[in-house]
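Student: Starting from the known structure of chain A, fit chain B onto it as the hints suggest.
There are 2 protein chains.
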Amino acid sequence: MNKICIIGVGLIGGSFALGLKSTKKIEIVGFGRSEVHLQQAQKLGVIDAYSLDIVEALSGVELVLIATPVNSFKNILEMIKPHIGEQTIVSDVGSTKGSVIATAKEVFGAMPENFVPAHPIAGKEKSGVDAADGVLFNNKLVILTPTKNTNAHSVTQVRELWETLGAKVEVMDSKTHDDLLAMTSHLPHMLAFSLMDYLTGNGKSVLDYAAGGFKDFSRIASSDASMWRDICFNNSDDIVKHIKGFQGSLDKIVDFIEKGKTQEIERLFIDAKTARDNWLKDK
Amino acid sequence: MNKICIIGVGLIGGSFALGLKSTKKIEIVGFGRSEVHLQQAQKLGVIDAYSLDIVEALSGVELVLIATPVNSFKNILEMIKPHIGEQTIVSDVGSTKGSVIATAKEVFGAMPENFVPAHPIAGKEKSGVDAADGVLFNNKLVILTPTKNTNAHSVTQVRELWETLGAKVEVMDSKTHDDLLAMTSHLPHMLAFSLMDYLTGNGKSVLDYAAGGFKDFSRIASSDASMWRDICFNNSDDIVKHIKGFQGSLDKIVDFIEKGKTQEIERLFIDAKTARDNWLKDK
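Chain order of the listed sequences is A and B. The working numbering applies: residue 1 is where the first sequence begins, and numbers increase by one. The working numbering applies: residue 1 is where the second sequence begins, and numbers increase by one.
Relax, there's no trap hidden among the hints.
Just so you know, same-sequence chains aren't split out, so a pair can sit in one copy or run between any two.
Restricting the straight-line Cα-Cα distance to at most 20 Å, the calculated cross-link-like pairs of lysine to any residue (SDA-like) are: (1) Lys283 x Val135; (2) Lys168 x Gln157; (3) Lys259 x Met227; (4) Lys241 x Gly260; (5) Lys259 x Ser236; (6) Lys148 x Val107.
Think of the hints as simulated: they come from the structure by calculation, not from any bench.
The following block holds chain A by itself, in its conformation from the complex (with noise of 0.2 Å):
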């Protein structure tokens, strides 16, 4: 691959722009709506060149990585769809997949064979392109998403480049990304939400009294409002019936203390504390 587009340089495209560079020669073209940001991620190396106009933007490339927030995908895709070739392939970085394929058939009629869904599972607490960093996908999980449609070449393709950053490529239906991250990620952004909610809905001062733990504890609850907000409505389904099936397990909770079972809430603590250490091993 000689040239790619990153729809949206911000840390997740910049970082995936960063690895590219540093391990192959690549050319890689910045479109935006914001030429202080493209001008910035030129400047800081992350790429070669960058576009306000979109036709210029795509000319010639291989590849379009899409890395906006999943609600401006529909925008996106109706911009690029007259200007992409059959061969060009078309990827994404959304934390929401099924979403991401629905707005695709709404554009394109039916899903792009070279659509290839992605998401990989990282990040920082800080965004923009100043804090993209080459490395940051090593290690990491990205989920491949593909449809029936979606042609074997272009899969390998988008999973090569990813694995050339370190990261390990898995493929899955997009409905079971959907529902997995709703456990180990949106669920947990929602406790974290709900719980500063019903503290300060307590009284302005019961903060004062927590302590470190709640520090880490908290910390999703700093996360981006509206990308949040996105996410919610996006994957609303899975999100709704894990956060009902949580309620389950703390009801569970409620039990045992109502009833006095102490063996049976230390054997869940224990159980909950061996899955977190033996998780935590292989971090």
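Tutor: Leaving out everything else, chain B in the frame of chain A:
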């Protein structure tokens, strides 16, 4: 104060001792069940001497600090009861205060005048005397929960010791303490344990898809299971009340998602983020 006895020379008791020894001339005697641990504490310079005989350990001390798990308090209070003078101050570091006061009343018939229940809001992931740290309480909050019986002199003495260690001391009644800590500490722990329980209940491999944010969020699920079992049953009413209250906040998010209330959910996330960011500024 010239001589104190610490019962249970672990992380908290040991850090208290180290902090005091670094700032004033004071003799500290350790008491515990394990001679190996006490020898180690002495070797580390945490205590000046130790005894496995409670009469010897309490001889001539002006204050006894109980720094063992809360569920051992009844045995310990019964053990020390015949051997402490009327002037000897008793204090503790237990993380639930209503239960400590109830136990003291049970053992002594009424709350002793010289008993000052205390709870330093500080800790570490590690436990044991090897992790003891003389500056652990610096700038940390210590809550004292004297009862109507407690004499002012004892409260002042205990307050001054903690202030010597750089702690900020606040006095409140035990009900307020237990309610606040149920919100800021016990509830988050229940959520972290529950989340691990829920996720592992959905299949062994679910956690493979958890990323960086999950690591911080789940850290407190690696806390000691038997300690948290005891906290659950020593503050059961408040914990159950706040789990149920928190479920109301979760229900609100579900309602917002199901009804497509995008603005309301974004508002909630913004407020959560703001509250967390503001809280962090003071830390």
